[in-house]
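Protein chains: 4
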Amino acid sequence: MKKNKWNSYEGHIDLAIEAKESFPGDGGEINGVVLEEETIETIDMHITTVEIINEEGKKAMKKPIGTYITLESPWLLYGTEESNKQCSEALTKVLQKLLNPNWKKMLVVGLGNKDLTVDALGPSSMALLEIHPLGQEDKKHLCSIAPGVMAQTGMETAEIILGVVKETKPDCVVVIDALAARSLHRLGTTIQITDTGIEPGSGVGNHRLGLNKETLNVPVIAIGVPTVVGAATIACDTLDALVHVLKAEATTSEIGSTLESFQPEEKHQLLKSLLSPQVRNLFVAPKDMDDMVHSLSSIISEAINLLL
Amino acid sequence: MKKNKWNSYEGHIDLAIEAKESFPGDGGEINGVVLEEETIETIDMHITTVEIINEEGKKAMKKPIGTYITLESPWLLYGTEESNKQCSEALTKVLQKLLNPNWKKMLVVGLGNKDLTVDALGPSSMALLEIHPLGQEDKKHLCSIAPGVMAQTGMETAEIILGVVKETKPDCVVVIDALAARSLHRLGTTIQITDTGIEPGSGVGNHRLGLNKETLNVPVIAIGVPTVVGAATIACDTLDALVHVLKAEATTSEIGSTLESFQPEEKHQLLKSLLSPQVRNLFVAPKDMDDMVHSLSSIISEAINLLL
Amino acid sequence: MKKNKWNSYEGHIDLAIEAKESFPGDGGEINGVVLEEETIETIDMHITTVEIINEEGKKAMKKPIGTYITLESPWLLYGTEESNKQCSEALTKVLQKLLNPNWKKMLVVGLGNKDLTVDALGPSSMALLEIHPLGQEDKKHLCSIAPGVMAQTGMETAEIILGVVKETKPDCVVVIDALAARSLHRLGTTIQITDTGIEPGSGVGNHRLGLNKETLNVPVIAIGVPTVVGAATIACDTLDALVHVLKAEATTSEIGSTLESFQPEEKHQLLKSLLSPQVRNLFVAPKDMDDMVHSLSSIISEAINLLL
Amino acid sequence: MKKNKWNSYEGHIDLAIEAKESFPGDGGEINGVVLEEETIETIDMHITTVEIINEEGKKAMKKPIGTYITLESPWLLYGTEESNKQCSEALTKVLQKLLNPNWKKMLVVGLGNKDLTVDALGPSSMALLEIHPLGQEDKKHLCSIAPGVMAQTGMETAEIILGVVKETKPDCVVVIDALAARSLHRLGTTIQITDTGIEPGSGVGNHRLGLNKETLNVPVIAIGVPTVVGAATIACDTLDALVHVLKAEATTSEIGSTLESFQPEEKHQLLKSLLSPQVRNLFVAPKDMDDMVHSLSSIISEAINLLL
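Chains as they are written, first to last, in the numbering used here: chain A, 36 to 343; chain B, 36 to 343; chain C, 36 to 343; chain D, 36 to 343.
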């Protein structure tokens, strides 16, 4: 997929793979960033591991040091019973790679707003988890919570989670959240798993505080699926398409070339002028988004059930 | 609000008031279309009545002959208990104007998908209605149904409604639906009431068949609220803003002027090239859309409760 | 299971198998009633087919002429993934026996109130069905509706269904409903399938009108699961237990014997005195009823999905 | 209301007013227990304040030292807009009496299972609360959480609450829960407010751990509404009615008198024999329980909204 040239000039990027793509040459050779790719043919799944290994990589990617694994497959969105099973298994394997295999008690947190379809991935996944309350010896203990959003609770979500973690003492936390992507084609077709947890400013609901090993004092793995793109993406895509279309016609090719030749600074400035504050508060989502959220929360909850 | 120049070249328009605005000079003097305006100061409500009175008006507006009343107020979206009450009363009055006062049995239909927040206005309103089952003499009888969408039922929604209407024989039908707007500022701040029912191709869910006096054999009043804009709107808005920004700078004003001077045909052609089929399947909505749907379905259901 | 002696004197019985059990000798030799039994060992499932073949049987059983098949298994309530699959397959087979194999368009109706856990079996099953809208040649067409209850719609549920059937013309109808049982041990462990449809007065919600081949003009198969018992059952069970306990003690055995020796007429009269009208409006249900409804609606919807 | 003679021999009683009624003479003169009564005529509301003031009262009532205020009114169950408003105001007044008026930050906790209608009072009330997130100076801060039940989260609910309280530091906690009553006539017509919090073993969901000032380290007020009665109540009611009916007939009056003359020990023993363990896991509820829960959660949430 061609990099979106205008998208490069915006703020926070939820997906590490999109942060990488925003570099010239797709960011293949950034210092401090190690890349690994793999494919599962039966489900057309492309697995990309981006490892940010030092301060240099952190600065370039504007993301914390850690591992970011992306599963990409069209089957995530429109699956069969069989493909869903394989997708869940692939996700289970990735989780096992990032988890300490000796974990005894896991807290799964479904972030987001169950009343807002695009933000409901976390709570929907919780509803499908098979809880394992403590009791039997030698058994792993799985618990879960969907804390809601600040507009519902009046509390910072991170505070609720921190309180629950301190009191119930899980030895690992898995957080599930809906993300914003830059590219339309990622909606519902990508899962990002990272051992860096949730960053401030990320997610459909724009989390104010982070959820990670530093804040919660236990390892935190985040599973994120892009369910929206910012409305700004449509504006950027329009500009890219405009340049392309204008250049293709003899009578307008000069205008197209002029627009294309703008310097990064100029592009950034232009975009800021084009996008009203109102637009920043909008999101773009597909019309069958309820199916998308249902399908992906099934795959994710099943993957966690398979850990046991 | 300035008319969006690029928006004029697209297909179906849900709101009559936007169809009117797409004409030069805001369409104030279209033959066959009568306009009337009114204001309720306490809630900053602007009430516009568009009457399409003959074939000429119908052709110009691309909408059926009939009455289209639009309530516009910022209080619809962010109201207090008191403003909500006044908004409901204003809507009740409009409904009384369009209804035969001697109605005995009303069927209220909540169209849309309860699992998709932007399309949930109809089902949410149904949940708040006060049903009046038949029984007592001389009392009006209010019944309601939320038939779901084709992806849930496997049936055309219009067929379900038609079957229920034939069997239960209401003497009027009120249909509530979420609409798509052209302008972002209309999201949640506008209610359209029309005695022409639901048009084919309208609504967030794109109804395939119409629901009106011809198809149901009883008077049909539709109450619609725009909860989304098409993603194409963002593209059009971007082009308008681009022209504006380019013209304002000395170095780029010429490019701006050239883009602006495109003929309608050229603009239409350009937009078609810019918008991928994928974009047409996307919608744009605000992040606090669940509150918007909750607030508006309360106002609408309360307005209907007040009819009794 | 011992027949409940006091329960015999009450009104409508939803389950044919309980109607049969209310006869002396468990009703094995009622004229006009044919009995057949079968077992699936792997899931401890007991399948009983009660056929009412003529007016004599109809009068004795107080149920319409037709076939009543009961699946009984503890695994229905507390199943594993594997047992659920086998339960669904057993149900699919029964449905295939009662359905004309050449059906082209099936309407599945989920009766009941989704907001009342004990009555939510029908709507819950609908949410899990895989709808097959018409379109492709030579494919069976599966559609569904959850019409709600009269308190929600203000309409007779039977009228809504009749309207939809007349308009959409399915060639068979499958109705799913929550039933009331006489015996506590049946809650969630029994599925009744019958080709006589839904009787007036049956179900948790006490349907006023019947849904059957006579009223809908197409074959109607009803799938029912007892999710409640009437509060009267607890009263009857208490009297039976009382007799038993009193007889066991030397000092009270005489009282026990006297109570036991009451004539049917006397027992009936006594029960009528004991049960206040309020009690008739109560139901008894287990505390984990939400799990029960979830498990059984999964098994039922999966069984219907398997038909395709 | 006549005291239920057989009901006296059972275990935990959720309502203080029922504990009091289980004493001879309705417990009017128990040492260590102070009683006060009041009436609001317009809504037929009877307000009873039971104060347990010392160890003697605690031992007699089997309830912690503290204040228990009961609001009883038929309008709680079947109200008009106006009566609901008055019921909310009465509840607000009681809360103000028990709360320190200088509270700055209140956490409202909705206990129970939103998927089980009879246990959904707490979560339903949360959905209707008007949250006041911190921000503006000098404003009271209202936050809320519906933590779910152990079967959903795998964690003790009390642990979740304790964690959240420790982290977010409210200066008072209000807990809302569905209770079990002894008398059918209390279902939906009674609200109990107490400053002793939630007792272990109470509630429809049988809370294992208490939530009170000792465990949470801040004042805890509990608002409880009986939505079920135990199935055992029906058995006890049946026995009481049986004695009454048998005594009334000349031929059976002797049996009736003998049953009545059983000593407390004998009655207790008999009940234990009659009630199977299965019965203890059942509850009895009215068929229109969804309306009951909806109505009461509106009254309660509105009463809390009125505090601000």
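Derived by calculation from the structure, the hints in this document are not laboratory data.
One or more of the hints may lead you astray.
To spell it out: a stretch of chain C is covered by chain D in this simulated footprint if at least three of its residues, at any positions, have a beta carbon under 8 Å from a beta carbon of chain D; those stretches are [what the hints assert, rightly or not]: (1) 65-74; (2) 145-155; (3) 266-280; (4) 317-326.
All residues carry an ideal CB built from backbone N, CA and C; glycine is no exception.
For each hint, the structure was consulted:
1. 65-74: The restraint on the region 65-74 of chain C is violated, since only 0 of its residues have a Cβ under 8 Å from chain D and three are required.
2. 145-155: Per the Cβ count (5), the hint holds.
3. 266-280: holds (count 9)
4. 317-326: holds (count 10)
Of the numbered hints listed earlier, the single one contradicted by the structure is hint 1.
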